[in-house]
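Hey, can you work out the whole structure from these sequences and the hints?
Number of protein chains: 2
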Amino acid sequence: MPTLPANPTVAIVGATGAVGVEMLAILAQRGFPAASVRALASERSAGTRLPFGPEELTVEALGPGSFEGIDLAFFCASGAVAREYAPVAVDAGAVVIDNSSAYRMDPAVPLIVPEVNAHAIGDAGLIANPNCSTIILVTALDAIERAVGIERIVVSTYQAVSGAGAPGLEELERLTAQAAAGAELAPEFFPFPCVHNVFCHETPTDPATGRNVEEQKMIEEARKIWSRPDLKVAPTCVRVPVPRAHAESVNVTLRASATEADLRAALADAAGVRIVDDRTTPRFPMPVDASGGDDVLVGRLRPDDSQPSDGPAFIGWELFCCGDQLRKGAALNAVQIAERMLPG
Amino acid sequence: MPTLPANPTVAIVGATGAVGVEMLAILAQRGFPAASVRALASERSAGTRLPFGPEELTVEALGPGSFEGIDLAFFCASGAVAREYAPVAVDAGAVVIDNSSAYRMDPAVPLIVPEVNAHAIGDAGLIANPNCSTIILVTALDAIERAVGIERIVVSTYQAVSGAGAPGLEELERLTAQAAAGAELAPEFFPFPCVHNVFCHETPTDPATGRNVEEQKMIEEARKIWSRPDLKVAPTCVRVPVPRAHAESVNVTLRASATEADLRAALADAAGVRIVDDRTTPRFPMPVDASGGDDVLVGRLRPDDSQPSDGPAFIGWELFCCGDQLRKGAALNAVQIAERMLPG
Numbered sequence: 001m002p003t004l005p006a007n008p009t010v011a012i013v014g015a016t017g018a019v020g021v022e023m024l025a026i027l028a029q030r031g032f033p034a035a036s037v038r039a040l041a042s043e044r045s046a047g048t049r050l051p052f053g054p055e056e057l058t059v060e061a062l063g064p065g066s067f068e069g070i071d072l073a074f075f076c077a078s079g080a081v082a083r084e085y086a087p088v089a090v091d092a093g094a095v096v097i098d099n100s101s102a103y104r105m106d107p108a109v110p111l112i113v114p115e116v117n118a119h120a121i122g123d124a125g126l127i128a129n130p131n132c133s134t135i136i137l138v139t140a141l142d143a144i145e146r147a148v149g150i151e152r153i154v155v156s157t158y159q160a161v162s163g164a165g166a167p168g169l170e171e172l173e174r175l176t177a178q179a180a181a182g183a184e185l186a187p188e189f190f191p192f193p194c195v196h197n198v199f200c201h202e203t204p205t206d207p208a209t210g211r212n213v214e215e216q217k218m219i220e221e222a223r224k225i226w227s228r229p230d231l232k233v234a235p236t237c238v239r240v241p242v243p244r245a246h247a248e249s250v251n252v253t254l255r256a257s258a259t260e261a262d263l264r265a266a267l268a269d270a271a272g273v274r275i276v277d278d279r280t281t282p283r284f285p286m287p288v289d290a291s292g293g294d295d296v297l298v299g300r301l302r303p304d305d306s307q308p309s310d311g312p313a314f315i316g317w318e319l320f321c322c323g324d325q326l327r328k329g330a331a332l333n334a335v336q337i338a339e340r341m342l343p344g
Numbered sequence: 001m002p003t004l005p006a007n008p009t010v011a012i013v014g015a016t017g018a019v020g021v022e023m024l025a026i027l028a029q030r031g032f033p034a035a036s037v038r039a040l041a042s043e044r045s046a047g048t049r050l051p052f053g054p055e056e057l058t059v060e061a062l063g064p065g066s067f068e069g070i071d072l073a074f075f076c077a078s079g080a081v082a083r084e085y086a087p088v089a090v091d092a093g094a095v096v097i098d099n100s101s102a103y104r105m106d107p108a109v110p111l112i113v114p115e116v117n118a119h120a121i122g123d124a125g126l127i128a129n130p131n132c133s134t135i136i137l138v139t140a141l142d143a144i145e146r147a148v149g150i151e152r153i154v155v156s157t158y159q160a161v162s163g164a165g166a167p168g169l170e171e172l173e174r175l176t177a178q179a180a181a182g183a184e185l186a187p188e189f190f191p192f193p194c195v196h197n198v199f200c201h202e203t204p205t206d207p208a209t210g211r212n213v214e215e216q217k218m219i220e221e222a223r224k225i226w227s228r229p230d231l232k233v234a235p236t237c238v239r240v241p242v243p244r245a246h247a248e249s250v251n252v253t254l255r256a257s258a259t260e261a262d263l264r265a266a267l268a269d270a271a272g273v274r275i276v277d278d279r280t281t282p283r284f285p286m287p288v289d290a291s292g293g294d295d296v297l298v299g300r301l302r303p304d305d306s307q308p309s310d311g312p313a314f315i316g317w318e319l320f321c322c323g324d325q326l327r328k329g330a331a332l333n334a335v336q337i338a339e340r341m342l343p344g
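Here the protein sequences come in this chain order: A and B. Mind the numbering: the first sequence is residues 1 to 344 in the working numbering, read in order. Mind the numbering: the second sequence is residues 1 to 344 in the working numbering, read in order.
Rather than coming from a laboratory, the hints here were simulated on the basis of the structure. As the structure is a computational prediction, the values presented were derived from the model and not from experiment. Only true hints are included.
Stretch by stretch, here's where chain A covers chain B in the computed footprint (C-beta under 8 Å, at least three residues):
#1 195 to 202
#2 231 to 237
#3 278 to 289
#4 293 to 302
#5 314 to 326
Note that the Cβ used here is the ideal one computed from N, Cα and C, for glycine as well.
In structure tokens, the structure reads:
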């Protein structure tokens, strides 16, 4: 693993976006030992001041010379920006952790969720951060995959609008005000109203398969992260009127039957997971509880009696999980990758 | 089938509730040939005036004498009210169509979705209207059940707040105003915020199985409606910030493989179903499109390649459906049952 210096110089590309802002907050909260932090964004954001802990950073325009003297560059921008500038940063000697989809399925680029496959970082200088829905899914299920093995996953998502970036969040606020005023909902960013409505994920749908891009990412990325090209995944991705934190309704078929005690023991020890599963109060994972936190909340673990069982051991299980997709689903996961590359 | 008179005298129990109000609207819209309509509710609502087409009805207090001279009584109230007054109405000679859960699983009471099992009405004088989520599911899937047969259903719901009645809708409006004002969300009716959040269905969770009452209803009622005690159903029921119309993400395993052409042909002919499945524009079923309409919208029909296939024929299929749970999921379905009992 290419060890970063103990106090790396850091650049954040796309610092003014939803993930970039979260990245600055997380670096400050976790006391990441950066020698310096350079905030980069498009020309029109240059000069903007951004909070960074008790200090402020002045945004600089991204350009070919932006990565001189940088040890670690977090890319929190579009795939197009990553394709143009990640090679520039690597050539300048920086380790790049890219949050876009540009390199995720490149066989030469590791796709990392640190709790799951930190070993795959190897000596890579360019590392991809998975899609937010995928990170939450594999973090929630990794303990079960390790303990028993997963044959098939059927998952339906309840995805927050900020997964589409700051404009998604602004649209939720604008349409919430319209709804409160009794006005007609007038979407400008999403193709459909994101308030008082749900809609299938706005990424393009493949005319041949009927699957949208978000769903395709969940399948391919989960297989790559777990090194399980045989893994069966059937996802349905849906936007709901939630500002942040994605929820997922998950039905898994295991490779062997397991009891509830088996699975709860595995989940209790899982890194990055917090069990929220109180059937009496009741309390289960919700966006309002996951937002702003680091853990993926997992609950509603219950046997699926529509699949074979042997006494209390079932091969089918259901659970509901929820994670802050701007934190664990994006910025936090990227920072956790970098933390693994700091000297021992 | 006990034929109602051509112009039955009608009573609506719970006329001031969310379903009762919808019932009056639907009777007027469809020109149901009622000789008269009596609006019944609790003592405290007596005297309230309710619109009925161009006219108004004055709400009367429900009591033991409420059903004298009534041919047809729609119950749109709680299970407790149905258990107390449905026998009174039946004794008074009325046909009762009950929207509560009180009699649904009674073996002597038919549970009816007219497009699916009108034949089961038989000569019953008390007929149960299924749970809203179940009606939408079986209406969407009945053509596939008839054409090929369904082995197993995994379904995750996106349920509107008005499924919990008028107070749910009032809470959505109140919390929408709070969110627009930047105030803290203060739920009073639901246990959790129903705005900017999603939560697992608020019905009690069985401490032993982890399943909530809504999920248990979907399993038992689907089996009864289709006369398929062997049917496998794995539901997860979730509330979303939507005023009306439930959406459902459905993964089905068929009893035999079928092609997309097979299933689309079946759905195209299905009563009560409208296909909304434009992958190019794109346009798929959404609450904003289903609200106020009679049809269950069905779309995103696509093969599930995580299950076995034989060329283009798959046993696994996915779809997304959406229906107005106050109309087809409740009041409309009840009126459609009554229409089947009119002469000729």
